[in-house]
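Given the coordinates of chain A, assemble chain B onto it according to the supplied hints.
There are 2 protein chains.
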Amino acid sequence: MHDLRGLSGLKVLDLSRVLAGPYCGMVLADLGAEVVKVEMPGVGDDSRAFGPFVGSESAYFMSLNRNKESITLNLKEEKAKEIFLRLVEKFDVVLENYRPGTMEKLGLGYDRLSQVNPRLIYAATSGFGHTGPYSLKPAYDVVVQGMGGIMSITGHPGGPPTRVGASIGDITAALFTTIGILAALNMRHETGKGQKVDVAMLDSQVAILENAIARYEVTGQVPERIGNRHPSITPFTSVQAADGYLIIAIGNDSLWAKFCRMVAREELIDDPRYRTNKDRTDNWDALEPVLTEIFVNKTVDEWISLLESAGIPCGPINTVDKVVSDPQVLARNMIVEVEHPVAGKLRMAGCPIKLSAVPGREIRRPAPLLGQHTTEVLSRYLGMSKDEIEHLKIQGVV
Amino acid sequence: MHDLRGLSGLKVLDLSRVLAGPYCGMVLADLGAEVVKVEMPGVGDDSRAFGPFVGSESAYFMSLNRNKESITLNLKEEKAKEIFLRLVEKFDVVLENYRPGTMEKLGLGYDRLSQVNPRLIYAATSGFGHTGPYSLKPAYDVVVQGMGGIMSITGHPGGPPTRVGASIGDITAALFTTIGILAALNMRHETGKGQKVDVAMLDSQVAILENAIARYEVTGQVPERIGNRHPSITPFTSVQAADGYLIIAIGNDSLWAKFCRMVAREELIDDPRYRTNKDRTDNWDALEPVLTEIFVNKTVDEWISLLESAGIPCGPINTVDKVVSDPQVLARNMIVEVEHPVAGKLRMAGCPIKLSAVPGREIRRPAPLLGQHTTEVLSRYLGMSKDEIEHLKIQGVV
Numbered sequence: 001m002h003d004l005r006g007l008s009g010l011k012v013l014d015l016s017r018v019l020a021g022p023y024c025g026m027v028l029a030d031l032g033a034e035v036v037k038v039e040m041p042g043v044g045d046d047s048r049a050f051g052p053f054v055g056s057e058s059a060y061f062m063s064l065n066r067n068k069e070s071i072t073l074n075l076k077e078e079k080a081k082e083i084f085l086r087l088v089e090k091f092d093v094v095l096e097n098y099r100p101g102t103m104e105k106l107g108l109g110y111d112r113l114s115q116v117n118p119r120l121i122y123a124a125t126s127g128f129g130h131t132g133p134y135s136l137k138p139a140y141d142v143v144v145q146g147m148g149g150i151m152s153i154t155g156h157p158g159g160p161p162t163r164v165g166a167s168i169g170d171i172t173a174a175l176f177t178t179i180g181i182l183a184a185l186n187m188r189h190e191t192g193k194g195q196k197v198d199v200a201m202l203d204s205q206v207a208i209l210e211n212a213i214a215r216y217e218v219t220g221q222v223p224e225r226i227g228n229r230h231p232s233i234t235p236f237t238s239v240q241a242a243d244g245y246l247i248i249a250i251g252n253d254s255l256w257a258k259f260c261r262m263v264a265r266e267e268l269i270d271d272p273r274y275r276t277n278k279d280r281t282d283n284w285d286a287l288e289p290v291l292t293e294i295f296v297n298k299t300v301d302e303w304i305s306l307l308e309s310a311g312i313p314c315g316p317i318n319t320v321d322k323v324v325s326d327p328q329v330l331a332r333n334m335i336v337e338v339e340h341p342v343a344g345k346l347r348m349a350g351c352p353i354k355l356s357a358v359p360g361r362e363i364r365r366p367a368p369l370l371g372q373h374t375t376e377v378l379s380r381y382l383g384m385s386k387d388e389i390e391h392l393k394i395q396g397v398v
Numbered sequence: 001m002h003d004l005r006g007l008s009g010l011k012v013l014d015l016s017r018v019l020a021g022p023y024c025g026m027v028l029a030d031l032g033a034e035v036v037k038v039e040m041p042g043v044g045d046d047s048r049a050f051g052p053f054v055g056s057e058s059a060y061f062m063s064l065n066r067n068k069e070s071i072t073l074n075l076k077e078e079k080a081k082e083i084f085l086r087l088v089e090k091f092d093v094v095l096e097n098y099r100p101g102t103m104e105k106l107g108l109g110y111d112r113l114s115q116v117n118p119r120l121i122y123a124a125t126s127g128f129g130h131t132g133p134y135s136l137k138p139a140y141d142v143v144v145q146g147m148g149g150i151m152s153i154t155g156h157p158g159g160p161p162t163r164v165g166a167s168i169g170d171i172t173a174a175l176f177t178t179i180g181i182l183a184a185l186n187m188r189h190e191t192g193k194g195q196k197v198d199v200a201m202l203d204s205q206v207a208i209l210e211n212a213i214a215r216y217e218v219t220g221q222v223p224e225r226i227g228n229r230h231p232s233i234t235p236f237t238s239v240q241a242a243d244g245y246l247i248i249a250i251g252n253d254s255l256w257a258k259f260c261r262m263v264a265r266e267e268l269i270d271d272p273r274y275r276t277n278k279d280r281t282d283n284w285d286a287l288e289p290v291l292t293e294i295f296v297n298k299t300v301d302e303w304i305s306l307l308e309s310a311g312i313p314c315g316p317i318n319t320v321d322k323v324v325s326d327p328q329v330l331a332r333n334m335i336v337e338v339e340h341p342v343a344g345k346l347r348m349a350g351c352p353i354k355l356s357a358v359p360g361r362e363i364r365r366p367a368p369l370l371g372q373h374t375t376e377v378l379s380r381y382l383g384m385s386k387d388e389i390e391h392l393k394i395q396g397v398v
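Chains A and B supply the protein sequences, listed in that same order. Going by full-length UniProt numbering, the residue at position 371 of the first sequence is 371; the numbering climbs one at a time, nothing skipped. Going by full-length UniProt numbering, the residue at position 319 of the second sequence is 319; the numbering climbs one at a time, nothing skipped.
Excised from the complex, chain A in its bound form:
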């Protein structure tokens, strides 16, 4: 049945390396697209060399490249460029995350590729984008997290600016690129024409600053680090229990009263410092030690169970070991086990986009070995013979 194949009609040539591009390719592949990684012979995606390893295989690489095929092409060779252009004719999307100008230097820029295939969607993810004064500067996740403002609002009062522990500079750019590709594909259904999608990591950081920009524009006050609490709802924050931290989300006065009764501290309900949400927010400095004193007496599990019975929104602050064994996370198929021909079984994050017409179809194959599908792909799309491909290998083209 066609509708069980997801985006399987979509063919993506993925030249990207490391994280932002490969994450985009992974989301498309998880949704059913046929994603063919194009890698440098003998070397491949830089992240194949990133630890930790399972035997010879990078766990980092394996967890970002499942569902893809790999071919090798040395794009500095004329013969490889010719093969690449012939593939471009047959594919829907080219995805790359080189520094701007690299594809043009190879003679494979968007203008050239769109001549070969006017229906092609060309998606470029880069640090600063393909236009503007910083376009050619090198960028890394930590650089754009710094420049984009999120580090300035992450962290505790009086403490240093803080990098988000996952590479959201790369990952948000990957998600916006994926949206751009799918939007362009929808537009192509109407117009018959492809286009270029240009997404910058820095732009993506600005786009996720959320209300920090509105607050600054309206009040003129530069948003600061306020730790884990909410700027205007209190207590809506982390608290420290006997054996770790948890989150409480007491969003209104009646939940507050319920909480005070539950912990046998009724006197706090009518304390003028804490009566309304605004009072509690204004007097946070006084309230914080009171909460600390209350919460230190029980464990996280005890608190969660008490708070949940009282209907007070809360949750643990899970470390990664807890996340990967959480019943909800498992029930949602968010940890998947993929069997790799060399590395064996590896558990990794699943796809969070649950589509009713293609249930549980996210994982079809493990990450590819370098060039594993060169022969298959070149014969499938270009009708090349095994001998021809062997010859190209000897020449260093593939």
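To be clear, the hints were calculated from the coordinates, so they are not data collected in a lab. We treat Cβ as the ideally placed atom computed from N, Cα and C, and that holds for glycine. Incorrect hints may have been included.
Derived DSSO-like pairs (lysine-lysine); straight-line CA-CA distance at most 27 Å [unchecked claim]:
1) A:Lys11 - A:Lys76
2) B:Lys11 - B:Lys322
3) A:Lys258 - B:Lys322
4) B:Lys193 - A:Lys11
5) A:Lys105 - A:Lys137
6) B:Lys258 - A:Lys137
7) B:Lys386 - A:Lys193
8) A:Lys137 - B:Lys298
9) A:Lys298 - B:Lys137
10) A:Lys76 - A:Lys90
11) A:Lys278 - B:Lys393
12) B:Lys393 - A:Lys322
13) A:Lys137 - B:Lys322
14) B:Lys81 - B:Lys278
15) A:Lys193 - B:Lys278
16) B:Lys278 - A:Lys137
Sample of chain A residues lacking proximity to chain B, with all beta carbon distances greater than 12 Å (derived) [said to hold, decoys possible]:
17) Asn74
18) Lys137
19) Ile208
20) Asp253
21) Asp279
22) Leu355
Derived contacts from chain A toward chain B, CB cut-off under 7 Å, selection only [as the list claims (entries may be wrong)]:
23) Val54
24) Ala212
25) Val336
26) Val342
27) Arg347
Here is chain B on its own, set in the frame of chain A:
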């Protein structure tokens, strides 16, 4: 010209409130979709009441709802349900972020809506998703940031787990929902059928943990907070200058040697503690104070200019005021000014998805007043007369 209208063929009925749903609707609207917010008469999206305000208007609401229209419908009224169902027949997408089960209680669950319009794409963004044991629990951004693991790896060694300063629990769910909608739309071009897209905030947090899961699965070591540095590249971190922080990204030994010469500390190049990247990573505790001593002597601007001339990747840690005036951010049209009929001009983040066929078309209209387009939309789609609509207003239906 058709290809200048982006996704304008796409019609979205957006029932969502506050952040995750409205952010998704905003991305679709920025790409050209016709997004009609459906709000409760007299009240509207809760975030209309979130400060700061410009006069009577919430800056928070205005910055997340540009490019949308607003109609009011009291979905508890039978007549309003009937109108809603008639609209569903004409729309492509229904987007909601209620707690699971709410739409079913209203008699407007996916099963019912897909009977009315089998081509409908029904997108639900929720805290924990529409399946699994936590499905009905209340969730907020800080709760899923805590449960999803990102807080456990954000922050400084010895310090507390740290909330990401922007609501990435909501925003990443919004982005995955957007991808799901556009994927479903592409699938509909092939099959003629719609489907349900179910995205959970918690799942989305797991999906962005990146290599933390792979590291844990392979090594058995629970990833910890390591501040702003890279786990295996050094120095790739923030450093403190005379007047603030900056990022340095010295990714290999030759950049390290270049840096040491630039700061006249050649003796560090051959110091056995710092010779290779691995040495520097292993001896970070010794290296950190050396860097602190070096960087404290000049300002951020002085360092950036020196490091850039030497070709060493670096960047400032910008506060929000710096972000919104950064030359690259402005050149990329990432700060847009929108003129609102009541609040006047407000600057907000632009759309980071730059499409070559629809350049600079992101902002077409300001956020709507509550119910501003009720008459227009009901007459456009359902052919209702002004009198009919006036009557519905008096009855409290719209």
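Structure-based check of each hint:
1. A:Lys11 - A:Lys76: holds, 23 Å
2. B:Lys11 - B:Lys322: violated, 37 Å
3. A:Lys258 - B:Lys322: violated, 43 Å
4. B:Lys193 - A:Lys11: Distance ~21 Å between B:Lys193 and A:Lys11 Cα, so the pair holds.
5. A:Lys105 - A:Lys137: Holds, because 16 Å separates the two Cα atoms, which is no more than 27 Å.
6. B:Lys258 - A:Lys137: holds, 18 Å
7. B:Lys386 - A:Lys193: violated, 41 Å
8. A:Lys137 - B:Lys298: holds, 22 Å
9. A:Lys298 - B:Lys137: Holds. A:Lys298 to B:Lys137 sits at ~22 Å (cutoff 27 Å).
10. A:Lys76 - A:Lys90: Roughly 21 Å separates the two Cα atoms, so the pair holds.
11. A:Lys278 - B:Lys393: violated, 34 Å
12. B:Lys393 - A:Lys322: violated, 51 Å
13. A:Lys137 - B:Lys322: Holds, at about 18 Å.
14. B:Lys81 - B:Lys278: violated, 64 Å
15. A:Lys193 - B:Lys278: violated, 49 Å
16. B:Lys278 - A:Lys137: Satisfied, since the Cα-Cα distance of roughly 26 Å is no more than 27 Å.
17. Asn74: holds, 23 Å
18. Lys137: A:Lys137 not clear of chain B: closest Cβ-Cβ about 8 Å, inside 12 Å.
19. Ile208: violated, 5 Å
20. Asp253: holds, 15 Å
21. Asp279: Since the minimum Cβ distance to chain B is about 16 Å, A:Asp279 lies beyond 12 Å and the statement holds.
22. Leu355: For A:Leu355, whose nearest Cβ neighbour in chain B is about 6 Å away, the distance does not exceed 12 Å, so it is violated.
23. Val54: holds, 6 Å
24. Ala212: holds, 5 Å
25. Val336: Given a least distance of 11 Å, the restraint on A:Val336 is violated.
26. Val342: Violated: closest Cβ of chain B sits about 14 Å from A:Val342, beyond 7 Å.
27. Arg347: holds, 5 Å
The structure is inconsistent with the numbered hints 2, 3, 7, 11, 12, 14, 15, 18, 19, 22, 25 and 26, although it conforms to all the rest.
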